[in-house]
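Please build the complete structure, drawing on both the sequences and the hints.
Top line first, the protein sequences correspond to chains A and B.
57 is the number that UniProt numbering gives to position 57 of the first sequence; each next residue is one higher, with no gaps.
17 is the number that UniProt numbering gives to position 17 of the second sequence; each next residue is one higher, with no gaps.
Heads up, a few of these hints could be off.
It does not matter which identical chain is meant; a pair holds if it fits inside one copy or across any two.
[What the hints assert, rightly or not] Derived pair list, reagent style DMTMM-like, types lysine to aspartate or glutamate, alpha-carbon separation capped at 20 Å:
1) K270 to D142
2) K270 to E185
3) K194 to D122
4) K270 to D175
5) K148 to D227
6) K194 to E99
Read the hints as simulated data drawn from the structure, not as lab findings.
What follows is each chain in one-letter form.
Protein chains: 2
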Amino acid sequence: MIKIGIVGYGNLGRGVECAVHHSQDMELAGVFTRRNPETVKTHTDVPVYDMEKLYDMQGDIDVLVLCGGSANDLPKQTVELAQYFNVVDSFDTHAKIPEHFSNVNQSSEKGKHISIISVGWDPGLFSLNRLYGQAILPNGNDYTFWGKGVSQGHSDAIRRIAGVKDARQYTIPVDAALESVRNGENPTLTTREKHTRECFVVAEDGADLKVIEETIKTMPNYFADYDTTVHFISEEELMRDHQGIPHGGVVLRSGTTGFDYENKHVIEYKLTLDSNPEFTSSVLVAYARAAYRMHQEGQCGCKTVFDIAPAYLHVESGEELRKKLL
Amino acid sequence: MIKIGIVGYGNLGRGVECAVHHSQDMELAGVFTRRNPETVKTHTDVPVYDMEKLYDMQGDIDVLVLCGGSANDLPKQTVELAQYFNVVDSFDTHAKIPEHFSNVNQSSEKGKHISIISVGWDPGLFSLNRLYGQAILPNGNDYTFWGKGVSQGHSDAIRRIAGVKDARQYTIPVDAALESVRNGENPTLTTREKHTRECFVVAEDGADLKVIEETIKTMPNYFADYDTTVHFISEEELMRDHQGIPHGGVVLRSGTTGFDYENKHVIEYKLTLDSNPEFTSSVLVAYARAAYRMHQEGQCGCKTVFDIAPAYLHVESGEELRKKLL
Numbered sequence: 001m002i003k004i005g006i007v008g009y010g011n012l013g014r015g016v017e018c019a020v021h022h023s024q025d026m027e028l029a030g031v032f033t034r035r036n037p038e039t040v041k042t043h044t045d046v047p048v049y050d051m052e053k054l055y056d057m058q059g060d061i062d063v064l065v066l067c068g069g070s071a072n073d074l075p076k077q078t079v080e081l082a083q084y085f086n087v088v089d090s091f092d093t094h095a096k097i098p099e100h101f102s103n104v105n106q107s108s109e110k111g112k113h114i115s116i117i118s119v120g121w122d123p124g125l126f127s128l129n130r131l132y133g134q135a136i137l138p139n140g141n142d143y144t145f146w147g148k149g150v151s152q153g154h155s156d157a158i159r160r161i162a163g164v165k166d167a168r169q170y171t172i173p174v175d176a177a178l179e180s181v182r183n184g185e186n187p188t189l190t191t192r193e194k195h196t197r198e199c200f201v202v203a204e205d206g207a208d209l210k211v212i213e214e215t216i217k218t219m220p221n222y223f224a225d226y227d228t229t230v231h232f233i234s235e236e237e238l239m240r241d242h243q244g245i246p247h248g249g250v251v252l253r254s255g256t257t258g259f260d261y262e263n264k265h266v267i268e269y270k271l272t273l274d275s276n277p278e279f280t281s282s283v284l285v286a287y288a289r290a291a292y293r294m295h296q297e298g299q300c301g302c303k304t305v306f307d308i309a310p311a312y313l314h315v316e317s318g319e320e321l322r323k324k325l326l
Numbered sequence: 001m002i003k004i005g006i007v008g009y010g011n012l013g014r015g016v017e018c019a020v021h022h023s024q025d026m027e028l029a030g031v032f033t034r035r036n037p038e039t040v041k042t043h044t045d046v047p048v049y050d051m052e053k054l055y056d057m058q059g060d061i062d063v064l065v066l067c068g069g070s071a072n073d074l075p076k077q078t079v080e081l082a083q084y085f086n087v088v089d090s091f092d093t094h095a096k097i098p099e100h101f102s103n104v105n106q107s108s109e110k111g112k113h114i115s116i117i118s119v120g121w122d123p124g125l126f127s128l129n130r131l132y133g134q135a136i137l138p139n140g141n142d143y144t145f146w147g148k149g150v151s152q153g154h155s156d157a158i159r160r161i162a163g164v165k166d167a168r169q170y171t172i173p174v175d176a177a178l179e180s181v182r183n184g185e186n187p188t189l190t191t192r193e194k195h196t197r198e199c200f201v202v203a204e205d206g207a208d209l210k211v212i213e214e215t216i217k218t219m220p221n222y223f224a225d226y227d228t229t230v231h232f233i234s235e236e237e238l239m240r241d242h243q244g245i246p247h248g249g250v251v252l253r254s255g256t257t258g259f260d261y262e263n264k265h266v267i268e269y270k271l272t273l274d275s276n277p278e279f280t281s282s283v284l285v286a287y288a289r290a291a292y293r294m295h296q297e298g299q300c301g302c303k304t305v306f307d308i309a310p311a312y313l314h315v316e317s318g319e320e321l322r323k324k325l326l
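Take a look at the structure:
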């Protein structure tokens, strides 16, 4: 059994607990938190420890799955822990990945451990599909659409507006744009042409709804460049209809082959997810299996999804995989 | 530059010639044939040699791409050549892959070369997506649909019927079945519920069309288990409307997460291809790049798409890939 430790117990940490719980080759060594461990109750009675306890438990943990945030937690946490443990994180600040990779790699090599960063679906599975698509169809274009799904960042931005009690924002791909790409038309698409934004807002009593709507629709970066719809709903409706965290999206590679580039091909990879954090956790846990196996083989250093042979992710042997899945 | 040799010059061989021609890091060393080389004319004036010449040219070839058939050519050819060259093949007889793997592996290890077998889209990219899907969503179901596309085997079966001059058969996924899977309904589907077959037949003068249609529709294995449509058309129409070799298909993984498996997720991978052989060739050429690089690192033995880290396929460096695609 591969012994997994979870660092941080929010939505992602709970998702990892669940995925490991359902895995036939893994078990949980513990959840590690910066909060008071006594205030944290896990779903399957996994013991909860203070972060400091981690270093005493090195022998009890094969891989640590880091479930903190990319803005403040992971840039420090992954680097610190990679020296002492095999680690997997979901660092998703695209622009800072090269820097994070370099820092984590140094730390992993010092401790002769394996680290895998930026695991999830974007970055992660979507990145993989961008790579496979470009490698196979070098003459072509990449397209990524997100949604339909909840954007936490955009929901938070609405909540910060005066007079707003709560809000939920959905990012939605524009059907016409998707269809054009699927038809191999290789359109050049503006931000507005790719996605629309739909907002469900609970206003405080007596708030000026016109002002709130205008503030949302003209907010720079978040909404100004999009066609945005605002619905005012009651708190009850928000609780009843908008508690899930669905997400998803599509990566497409549209390319041509032939001596005169006369033949079109479209590769489409689409995710439709009821729970964004649980799906992301499931990807993290599959890559934790890979980290364990690569470390067993004596490998070390920082890796990304690009560096992991797919067979490392699956519980079955190479022989079984060739027989059943190839 | 990676020096590529092509063995066999049919649709697939021509596709490889084209893909290498468009590659910035590859060049062609030659085409090798069992026919009289003087009768074979390549599209880009690549020299054509007799198969026997291969062994004199070991130093001029980094990777051989084997473009023969799975039924008669590859089981012998890949095994023989794997001892002397890095090789990539598209062996696609699913049931015989374990045996082929074992034979090729022995040969590659003897010669300290890399071989990659069963490369293409099914087996190949579809297999990869079955593996990733199962690894990430272990609780779920796999679905594979083929088409819309030309099935060479089914077209040949029709051509063997008395009174048939020529024919083209299209395999078509049933929309209702696809939609049910996309909705996460996890249907159990019979052969008839998954695909229909559409046949375009040119009959000989005076042939009994009723008999031909009945013979097609009741043909065991090929058509009896499907809803089949037969259209009789003129030779001109066949030449005008059915000369392409389009294909494609969809792999889906429908699974659940959550402590009570309460959240559904669907992963869909879809290919829409104007030219089946040119797309397959493009996959072969990307894996030829991987074979070259892995051999440069000192690796040897037989591999499949499951064993190849994605970064080996792409012309750019790991650093560039992390920056641009992750």
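Hint-by-hint comparison with the structure:
1. For the homomeric pair K270 and D142, the shortest alpha-carbon distances inside one copy (14 Å) and between copies (15 Å) are both at most 20 Å.
2. Proximity of K270 to E185 under the C-alpha cut-off of 20 Å is found in both arrangements, the shortest distances being 19 Å within a copy and 17 Å between copies.
3. In this assembly of identical chains, the alpha carbons of K194 and D122 lie at most 20 Å apart only when taken from the same copy (17 Å versus 32 Å across copies).
4. Proximity of K270 and D175 under a CA criterion of 20 Å is satisfied in both settings, with 14 Å inside one chain copy and 17 Å between copies.
5. When the C-alpha separation of K148 and D227 is checked against a cutoff of 20 Å, the pair qualifies only within one copy, where the shortest distance is 15 Å, while the shortest distance between copies is 36 Å.
6. Proximity of K194 to E99 under the C-alpha cut-off of 20 Å is found in neither arrangement, the shortest distances being 30 Å within a copy and 48 Å between copies.
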